[in-house]
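Residue numbers (our numbering), protein chains in the order written: chain A, 167 to 951; chain B, 39 to 294.
Treat the hints with caution; some may be incorrect.
Distance condition first, Cα-Cα at most 25 Å in a straight line; then the derived SDA-like pairs of lysine to any residue [said to hold, decoys possible]: (1) K579/A <-> K116/B; (2) K725/A <-> S710/A; (3) K154/B <-> S565/A; (4) K116/B <-> I901/A; (5) K847/A <-> V186/B; (6) K714/A <-> K648/A; (7) K648/A <-> K859/A; (8) K379/A <-> A238/A; (9) K793/A <-> I783/A; (10) K112/B <-> K714/A; (11) K859/A <-> E282/B.
Hint data in this document are derived by calculation from the structure and do not stem from the laboratory.
If you're wondering where the values come from, they're calculated on a predicted model, not measured in any experiment.
As a plain string of letters, each chain reads:
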Amino acid sequence: MFLRILKKDLKRKRTMNAILLVFVILCSMFAAASVNNIAAVTGGIEHYFNISDMPDVLVDMDADSDEDKNIAKLGGIREIKTIDQIYIYSSKYFKLHGKKLDNFINPAVLISDEDMPINYFDSDNEVIKSVKKGRFYATTTFIQGLDIKEGDEVVLTIDDFSYKLEYAGLFKGAYIQNGTTCLPFLLINSEDFDNINDGIVNPFPSYKSMFIKTDDPQAILDYAEETDGVYAYGRDYEKMIYLFDMMIAYIMMAVSIVIMLAAFVVLRFSIGFTIQEEYREIGVMKALGLSNVSIRSLYIVKYLAIAVIGAAVGFFCSLPLSSIMLGTVSKNMVLGTENGVVLGVVSSVCVVAVIMLFCYLCTRKVKKLSPIDAVRSGQTGERFKKRSLLSLGRSKLPSTGFLALNDVLSAPKQFLIITTVFTLCMLMMTIMATSAQTLKSPKLMRLFNAPESDITILDSEYMTDLLAVQGGYKTSFEKVEKVLDELGIDGECGGGFSVQSVFTHGDKTSTRIFSTAVRGNIDYELQCDEGSAPQKPDEIAMTSYAMKELDAQIGDTVKAEIGEKEYEFIITGRFSSFMGQGYSAFVSEDFDMSSALAAGITGIQVKLSGDPDEEEINEVIEKLKDKMESDKVYKTEEAVSMLTQVSDPMNAIKKLNMILTVIITALIIMLMERSFISKEKNEIALMKAVGIKSGSIILQHALRFIIVAVIACVIGSAVVLPISSALLSWVSSMIGDVHGIDVDYSAAEIFALCPAILLAVTVIGSLITAQHMRRITASDTASIE
Amino acid sequence: MNTVLQTKGLCKTYIVNKRQNNVLKNIDLTIGEGEMVAVMGPSGSGKSTLLYCVSGMDRVTSGEVTFNGKDTTKLREKELAKLRLDEMGFIFQQMYMMKNLSVLDNIILPAVKSKKNSESRRQTEERGRALMHRLGIDDVGGNDINEVSGGQLQRACIARSMINSPKMIFADEPTGALNRASSDEVMNELLSLNRDGTTVMCVTHDPKVAAKCSRVLYLVDGKIVGEKEMGSFDGGDKELRDRERTLNNWLMEQGW
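Start from the sequences and build out the full structure, keeping to the hints where you can.
In structure tokens, the structure reads:
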């Protein structure tokens with residue numbers, strides 16, 4: 167009997183059941199894909215490290231340092247592999263198809279295939295055993311934006327030295343980070359490595375890396391902290407490379423949760439509506455003596471069928487979605503495949519379980535219905551509620567608008583549910599838009615300890631001195647100022663940079679904290695969250711991470727070794743910074759940085775005089791590009807987007823959310839409106855009978871959704887900034903030590919475009935779906951129960 | 039006496055499960071201004087279908103329906119809606135009303151929707167209240183529809199049907215869901231309207247209701263098989279009993 171009732175019900179409420187099925191599919195699809203994504207990234211890192219044979223500690227030092235011998239004497243060490251690296255400080259030293267490369271910012275690192283310290287993998291995830299002579303593998307950072315294919319010849323030319331290498335494909339290594347602002351790596355044959363090393367007169371420093379397997383990693387980390395010029399990183403630190411992949415995975419999980427919420431709302435509405443509509447059947451069943459459990463199981467069986475089918479379809483749909491979501495990650499790491507399917511199945515089963523539990527709770531209303539409901543139209547005298555809230559006679563609204571508003575106010579719970587879903591949809595779009603906008607805002611430059619500017623130059627030729635020569639920032643800025651003078655551009659030049667330092671406070675010593683400074687002619691004032699900015703050479707401001715690392719507070723005195731000199735500083739304030747992953751100290755304008763060698767920079771900033779508009783800035787950028795023969799001159803907001811790395815993925819998620827919003831909103835409107843039409847058939851027929859036109863009734867129904875969408879837009883617009891601020895604080899705390907980030911947004915996008923999308927879908931969706939009521943005629947009053 | 043409603047060769051056919059069901063067969067009917075016509079007949083004879091077809095709520099299969107000089111079979115849906123709104127009033131057995139509106143708002147809704155109504159919302163409301171007062175339900179205007187009795191609700195339906203001062207009121211078993219006392223009250227209101235000049239066409243099973251009408255039509259299998267002129271009713275109990283007796287005898291002859 168159950169099956170017959172189920173079959174009849176599925177057929178009778180085709181649209182409602184179909185929409186519910188779509189939601190379960192979406193729910194299961196996104197849940198399975200995002201859980202798989204998170205599991206793949208979190209568990210995948212450990213898996214990748216294991217198959218790569220990653221060491222316990224990675225130690226970097228100058229190429230000519232002897233500290234490697236001292237480290238080798240430390241206890242617990244099982245194995246040491248040391249590699250030399252050649253640093254090529256500008257992309258311009260490479261030529262492809264006769265054209266100088268201009269696609270990466272940082273120095274390229276050449277490594278040899280001799281005695282490789284870890285397993286490197288090619289694009290097919292096969293371990294690279296060796297590299298043929300004359301060929302090279304490159305990381306994605308090296309080939310980004312290039313039209314390069316296997317077999318293409320790249321020529322390395324420095325002064326009179328020239329060396330040809332053939333591209334053999336992509337490679338990845340567990341300790342190598344990929345991204346616009348990361349170091350590109352080239353894996354070459356050992357003979358080629360020696361030839362290049364002997365052939366070039368590299369005026370810039372190179373480094374060597376030690377890959378150490380040890381039973382006592384802390385001993386090496388402690389040694390590095392105490393030793394100048396030695397930098398050690400444990401496995402946990404190396405895992406930070408995949409921070410952005412994790413962040414995106416969690417954001418996708420949040421999107422999945424929103425979809426699941428929407429699905430539950432739809433489910434709640436469907437069950438509530440079905441029970442309300444079937445009060446008579448339920449009453450009769452109760453009158454016949456059927457138990458509550460039997461009646462509830464009728465509904466639960468139906469939703470179990472939909473949930474199981476939906477979850478199964480959703481799981482299969484999650485497979486391609488999952489591979490798209492993991493597409494970027496898999497370029498950076500080798501993912502294990504064994505757990506993905508199992509996790510996907512588990513997630514889908516969880517979706518079914520949660521839906522069934524939810525169904526069980528939603529069918530509670532069955533218990534409340536009594537046989538008398540069958541004869542009292544589902545109402546008992548005691549439960550009648552006041553419905554009409556407005557007065558048509560006193561209202562100044564047009565009658566159709568009045569009826570729509572009155573309907574919304576008369577069933578607040580029902581429309582509140584729709585408002586909630588619409589608001590969530592709206593927020594999915596606007597929060598991502600705000601986050602993407604903020605993470606590329608020029609205002610963010612201050613959090614990279616760089617002055618506010620219009621243009622940022624990331625060309626390595628102009629930054630080489632800054633990175634490779636002690637006090638080289640002066641030369642770098644002078645070069646750019648000269649270009650500005652030659653082009654007759656009225657502007658100032660400056661920039662921020664960080665220097666590796668050793669800080670000591672009491673018995674605490676740290677090599678993790680970077681000393682940062684802003685130099686040049688652009689005015690810059692450090693904004694402190696607490697205390698004040700350093701004014702004198704012996705004053706310093708620190709991030710909370712840095713102070714915590716040293717167990718210091720504002721007012722304490724710390725010692726620092728910067729550029730081989732020792733200084734004493736008083737901490738004057740606490741500031742926020744992305745530099746050095748939040749481990750930063752900021753020195754005053756008067757502090758002598760001439761002997762310091764920069765370890766990190768955020769480019770060279772140019773602040774144009776006056777208040778130039780976008781067109782003028784673009785003109786100057788074009789002039790600079792021509793003169794510098796470089797494409798790496800950016801508007802500052804573009805540069806920030808590169809530095810934060812998450813703005814573009816967030817933009818991509820924003821677009822996905824826009825598509826999801828359109829789908830979810832359209833489906834909800836279809837479901838709800840079809841339900842309303844079915845529920846209000848009597849009233850529609852009556853209105854038609856008394857002579858109210860179909861168009862007017864359709865408009866009334868559409869207006870209900872439009873009112874709800876407008877309310878959702880208002881609520882969404884009111885809360886988008888505080889919620890974005892909270893989300894961005896979370897994101898910022900992962901990138902660095904940043905508190906209270908200023909949310910930047912495009913008012914046109916979040917207060918006009920996104921609401922317009924929601925409203926457009928609402929208007930179109932509701933008007934189209936409401937056309938269904940044309941099937942109800944005035945004569946249907948004769949067949950109303 | 040001017041003709042308000044006229045049908046010629048009116049037919050209505052339904053196709054149910056590929057089988058043709060001729061509900062109305064060549065109905066010729068004329069209703070004059072100020073008449074109060076009752077339509078009677080056994081269940082399934084086509085009484086309600088006739089009411090829906092002549093009022094433009096349902097499309098006819100063939101034939102002509104002229105209402106107030108307009109051939110309603112040739113009117114478009116929008117024009118029919120306008121005609122129903124401005125020139126017709128409807129009362130149904132089930133006392134259908136909008137759940138989310140108060141009794142008074144339900145009554146004035148057709149007036150607010152009508153384009154021929156040029157008065158302000160406040161004036162319309164006053165008119166609605168006046169109608170309610172006339173029908174003796176002025177104390178329930180602000181109530182929800184589920185807060186009033188069946189008799190009050192049906193009187194509210196009558197008030198709604200009157201709000202646009204229609205030429206004709208169509209009532210489909212207006213007392214079918216009411217007890218005797220409420221039924222009498224409702225019929226007295228309809229009579230009163232009729233005396234004021236509104237034409238009424240009323241489908242009923244109840245000879246007591248039909249006895250108050252000026253003419254009774256008897257339908258069997260979609261055809262008018264009998265017609266009884268009853269003359270106007272002045273409202274006395276004795277006269278009503280006599281009319282009832284006469285009508286019952288006639289109905290017996292028709293096979294009632």
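Taking the hints in turn, this is what the structure says about them:
| no. | hint | result |
| --- | --- | --- |
| 1 | K579/A <-> K116/B | 35 Å, violated |
| 2 | K725/A <-> S710/A | 17 Å, holds |
| 3 | K154/B <-> S565/A | 15 Å, holds |
| 4 | K116/B <-> I901/A | 64 Å, violated |
| 5 | K847/A <-> V186/B | 22 Å, holds |
| 6 | K714/A <-> K648/A | 42 Å, violated |
| 7 | K648/A <-> K859/A | 76 Å, violated |
| 8 | K379/A <-> A238/A | 11 Å, holds |
| 9 | K793/A <-> I783/A | 15 Å, holds |
| 10 | K112/B <-> K714/A | 87 Å, violated |
| 11 | K859/A <-> E282/B | 41 Å, violated |
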